[in-house]
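Mind assembling these two chains? They're in different frames, but the hints should get you there.
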Amino acid sequence: MNAIVISAIWGVVMMFSGIFSKNNAVIRGTALTGLALLIVVNVMEMGGTSLFKVNVHGMLYFDSFSLLFNTIAFGSTFLYTLLSGRDMDRVGRSTPDYFALIFFILCGVAISSSFNSLLMLFLGIEIMSIPLYILTGTDKRNLKSNEAALKYFLMGSFSTGIMLMGITLLYGAKGSFNLEAIALGTGELTPMVSAGLLLLLVAMGFKVSAAPFHFWTPDVYDGAPTVFTSFMATVIKSAGFIAFLRLFDDAFGEMHAQWQLVVAVVTAATLIIGNITAVFQQSVKRMLAYSSIAQAGFMLFALVALNELSRQGLIFYTAAYSVATIGIFAVLIKMKDYTFEGFNGLAKRQPVLAATAAIFLLSLAGIPGTAGFMAKFYMLAGAVANGHVLWLVIVGILCAAISIYYYFRVIQAMYFKEGDAQEMEVSGTFKALLVLLAAIVVVLGIFPQCLLDKLYYFF
Amino acid sequence: MILVWMIGILLAGGFLCWLLARWNTQLSKWAALLSLAAGLLIVGSVAWQYGDTVRSQATWLIDYRINWIPAFGISFHVAIDGLSLVLLLLTFFLGLLAVLCSWNEIRERTGFYFFNLLWTLAGISGVFMAMDLFLFYFFWEVMLVPMYFLIAIWGDSNRRYAAYKFFIFTQAGGLLMLLAILALYFVNATQSGVYTFDYFDLLNVSLAPETARWIMAGFLIAFAVKLPVVPFHNWLPDAHSEAPTAGSLILAGLLLKTGAYGIIRFVLTLFPQAAADIAWWAMLFGAVGIVYGAMLAYAQTDLKRLIAYTSVSHMGFVLLGVFAFREIALQGVIMQLLTHGIGTGALFAMAGMLKERLHTRDIEKMGGLWSAMPAMGGMALLFTMASLGLPMLGSFIAEFLILLGTFPVQPALTSIATLGLIFAALYSLRMMQKVFLGPVKGASPPKDLTPRELIIMATLGISMVLLGLFPQPILDMVKMTVHQ
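Sequences listed follow chains A and B, in order.
Residues 0 to 458 (numbering that gives the first Met the number 0) make up the first sequence, in order.
Residues 0 to 483 (numbering that gives the first Met the number 0) make up the second sequence, in order.
So that you can see chain B by itself, here it is in the shape it has in the complex (with noise of 0.2 Å):
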């Protein structure tokens, strides 16, 4: 029941804002940022109180099960394990600074704003914990249609192309992913005569290599253009170089975490024999990713598109670490996938602060910010070294897991993926030495971060940090759930 009011207090609390805001503006950002440290106050409960369980037993924490559609056999059922947790840990905390970055940068329709805000940050939640198929689907949908309109109201001046693409491209996928639920569907009712959607019901199913073949490309078809896996990388740059800065950090944050999520979560356990057999292929195409994000990113000159290629680079990893089948690789995963939300997050914040005082996104017409303000430089410097993996921050710690865990299994392609830390490197320093080096650029030097933005940047700087100092308490509470 825990984990409906994790949801129910974010969609409520959407409604509140909404509601809120037809009389006073301020009230509607206190109740939002009021109903997300709730939730994250509830995770955090949570996690405090399975602490030992998550460590020692491999059984799932929270259950909960109610029927909702009995003659489809679609039940709403959610629970949690260590990975779960651990997600929405991020997504809750993630929320929060969204909540505190868009305190002053949405002037108009704020009500609305922090409503489509919560609702797909309910929708996260919602896809990290849902075990039926359907429900899967329904809160995949859920966070997109709330993304779309963050996207296409408060973003930048392309903002209309770029929700399109985003959207076209998810709900394709989509789309093909319930056709692949739907076909599983009738496998396992025609195998076992009960019409059901549940996951663990699920898991029975055995396929034919053919079938099993084809279901599952449409599972990773949905989770490849989430992730992005390169070819369907495109709306990404669009996407994320448009959103209002919150929508950067929770796209980049916590979406193309589902996608991972999925593939963990679904294609992995669901269906085991035809992941194995395209594992070279995905890992290929990691490392193609890793490569190619990369290079894109050190050519661009707007700085939240450089961002978001960066993303497409981090992400290659993530598929790389998954289809090595190896378990320190995909603990290195998983890690990855928290610092990259918290690191890019922080990059994507960053980006948007340096547009509320500069009014532009291009880096050529950045320089020496440095001088003007400190405080941020230090952050970015701090985070631009999380970006290219300095030890002692935790994306080293997870890219070193995945390079480690996956080179026994194959050598060539980690190589190629030890490139990209090179070129890494490359556009980390480059972005850094535009933006903040060398001379200054622009007539009057602008303002340092407010105590409100030291807040926000400051807690994800220390979370990196202490992520890489003791990422021992993540990979124990994911370890039972990485082991099976």
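So here's chain A without its partners, still in its complex pose (with noise of 0.2 Å):
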């Protein structure tokens, strides 16, 4: 609860901290003071000390599952702001209100990641979509700006208006919102339960960009400014994922076995379109964006799975992906080329952007050592626990193999390939954060533990 309504509060102070300072920095470190804050009081909340008492009648339910991921969303937001917040600045003038549309997402987030209603899933994933909408049409003179914004509208509003559907139809086979209700005496699917079932498989599969519901990420990632893009792919797109697994894990476990085939399809097209696809990829940065698509059909499958393994191994990997994506994605906001040729020689002019984008990539690739590897592992060894799905576990692996053919585009280019000079101005603190970020990888690569004891126990 507390982050929920720190955030949303904070989102109003961002809006008229551009009214009492006109400065960037200023702005810049009251978010930095609000996403502290937001940890702090999201961290109490899990130590047990709740701020507020409100009584939420049942919509909302805080677990250390929910609360672990706002830290882990939270922090990410808070790394990402200080290495790219800086490069906000050249997207527009608004910066302030681009930081209270993030706050605001955050606060979509928290609700989206601890509700027990599907009211709340409705507004949670509502809050997080429509400050979307605005960041990515952000950039107004750049015409690919103005039609990713549309698009993503259209296509997101039309994918809500498919959720709302499938609600209403639980609503009418069960008479209530509750998740428990929900899930009360599901053993056998009426038309009606597995109609909405499937409605907001479709709804969630679009938010998370699975396939065949992910047409709207390539144009979107690419076209929104690419500060944003990165918060899109990775805090929201994490977010996205931790509401679907509780949606159906709480709403509709027992009945696992009936839609487990279906999950298991998408997942195996998610992997299959999003690796395929991102091998013939010109620009880093379309890459990244069927990468992303890619990841998703990892992510996919705690859904497949569904048991305690694959739970925790969802939240190591929204970890593990968004600090290697949020890291990929500063180094490239920096350059000014985005194709692959533009990434030549980076090694010799810049070393530490190199090594630390090695080994971001190396983690998204899944190699042992880095943290994305032990997220697959979990991934994997979950699926593999369930035992029914073993066919998705080897197309998963295969798809991985596939995987590091374009990671590796990326180092071969910044390692084995003579460039032409590309200016860009780097400053001390960006390289040490970086070199922070890789750090985290690399720790969490070869502690996981470290992580997710956090789930059991804390302090």
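Just so you know, these hints were derived from the structure itself, not from any lab.
A hint or two may mislead.
Simulated crosslink set (DSS-like; lysine-lysine; CA at most 25 Å straight-line) [what the hints assert, rightly or not]:
(1) A/Lys-347 x A/Lys-335
(2) A/Lys-416 x B/Lys-354
(3) B/Lys-164 x A/Lys-416
(4) A/Lys-333 x A/Lys-143
(5) A/Lys-347 x A/Lys-430
(6) A/Lys-139 x A/Lys-150
Written out as structure tokens, the structure is:
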């Protein structure tokens, strides 16, 4: 509860901060203070201290799972702001508004990670999405940004409509929005429940860009200003997955056997489409968009397996994926040329940038010693433990092998090819932060339990 | 703990090389050399210390274990027996020579080069001692990434393609192994209720024949890619011929051995029944590999490619011998691992030296080199003879023992394999003739071996002859392992 209230309040604070100060550094400082505050109050709640006593009538439910995810999301946003906050100034003149929108999104994240009622799910997802439509279109003079925003908005509203329809059907069948009430007596699927389930699956699949509902992703990720793509691809995508898992685990967990195959097919399609299309991209930014689809495929394993191992795995995956993606985007933002050729010879000119970027890419590719490997390991282990979907595990493994090709293409460009100098201004703090991020990736990759233990005992 | 030191010294040495190269590349080379020498010293002292134990007792010599990720039952568990010890000796020995090989060859990014070299070696030593399957997979990958960089940065003209191919082949195999490891882990957990990746615990798991076959297939594919077994050998000629000299040396001398080690250590012990079921097929593939590799070797004009195909042929003997399930054949296999590591390593080193002088790998452009470089010619003759299995040299012992052990089991396949020896004579002699004999080609005669190069070749040559004359110490060391 702490996080929801504070993030909403701080969003308003950010809106007004523009009136009191024209200095972007001050505004960034305010935002960072707010984020730090968010992390602190959320950690306090994990420790059992709730600042606000609100009767939520069972519509929200805070457990260690949702709170740990909130911490990860806020922490990622904090790192993201430190690394790339400065680059928001280049997008447009309304920096305070961007931060206000980001705080509202975080409010949505906190709601959709802890909903216990379908209404709250709807609210959370919408609070996340609407600011995002705006952020996508912030580069007002750029036609591609406008196109992306419109496309995202239309497609997003459409999927929201589908979600509402699913919720309505479930309400009709069960007479309640509450997840436990829906879960009650769902041993057999009535037509109405299964229709509602399918519609929700489609809507959530859209939000997390699972195939075949992924078509918006490359265009939107590519068109949006790169600073915001980074945020979109990490925190928001992860939140979508947490909500997805929570919904299907709590409400439809007992019917798992009936819908497992559908989700497994969606997962396989996402993996294959994401990985194979990523191979053919010419622009690193677009490649990362497809790679985010591919990574979504791996996160979907949690839904297919639906056991304790994969729940933990999903939390870990969001952390590993967010840190690595924020890092690689932070490097990408500094580049002027987003093609693979633009990275040529980066290792010579910016050894620190290249080395850290290589670590992030290795993590995304899932090479042992990095967080990405442990994340994939959890997912595969969860699926193998489930026992029914070994074929999917093999598909996943083959796709992981394919993904090496396009991630290593960037590494090759940086290290093995000669390139002409691309001017870029990089401060010492930026480099230090990148090294910190890379260190997190490696530490999580070698000692994953230091994050996951927090699920069980805190302090 | 001493085992951790072996790996640690390489990892730390690698970092040190990288840092030192910023000030002085010469220092960085010495750091690499010294850390490998120190490692060799440690392994040597272990071999000395446990020399008697290993002959008499079937126990593990050193066993070290701490928890790593307790939630999964993953521990940092390393242990060695005679087999591991022999292979570790080979690793540090060849590693030392690899550093010497690259002393003058590497001119740019020296620090990063030695970092990668040492980390690959660390991964290889880890593979030879890991007794936790997760840790094993971890090291399996640790040796892969630096090797990729070695090929892709310091390789020849077609290096990027070769590096990609190498990486994707081995990674795909490795991931299938990971899947198999996971399957084994969960089968064990449902049977015993204990979640663990520990090798010694997993040995007790009893598998249904069908399950065992599938899980074994996962392991076997990974090892077959590495070994390589014929349908999966495609990456090898490219990787070997494009890699820098030290890279080829390590690839041929050590990396291929990890595949064989994996089969002996894991496939045979974890799935004895399933392995016995496919023995005939495996031996068939081995025999096919011997003949096929030898035939292709004969057809090559690129010196390094030629040597690469001889590796395919020689590794066929390993597969043949392992699946004969006879003590004598298995002893031959281990000898083969050592002698092939030394012999082929030496041939690759020689190819690298020729390349440095002549700037070509094409044997059509070489010829009559003996007159200009008699020392290298002599050495080359020695290793060519080793490659075709001349008595008195180590590889003769190895191949003889393998064929001796296999014949009673599969006379027909063994006879086919014996054909490989004839082909070996053909390709070896052809290589010798084209490069060192015949009319002199090229304008200026190249220089003979420098003292550094002579040291490398002489050490390899001496060990080859010693293995041929006195194989008994090695056979003693692995006797207990093989016996099990």
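Each hint, compared with the structure:
A threshold of 25 Å between alpha carbons decides the hint, and for A/Lys-347 with A/Lys-335 the separation of about 17 Å falls inside it, so the pair holds. Note on A/Lys-416 and B/Lys-354: the hinted pairing holds, with a Cα-Cα distance of about 23 Å set against a maximum of 25 Å. Of the pairs offered as hints, the one joining B/Lys-164 and A/Lys-416 holds, with about 18 Å between alpha carbons and a cut-off of 25 Å not exceeded. Restraint check: the Cα-Cα separation between A/Lys-333 and A/Lys-143 comes to about 19 Å, which is no more than 25 Å; the hinted pair holds.
This hinted pair checks out: A/Lys-347 and A/Lys-430 have alpha carbons roughly 15 Å apart, not beyond 25 Å. For the suggested pair A/Lys-139 and A/Lys-150, the alpha carbons sit about 15 Å apart, so the restraint of at most 25 Å is met.
Of the numbered hints given earlier, the model fails none.
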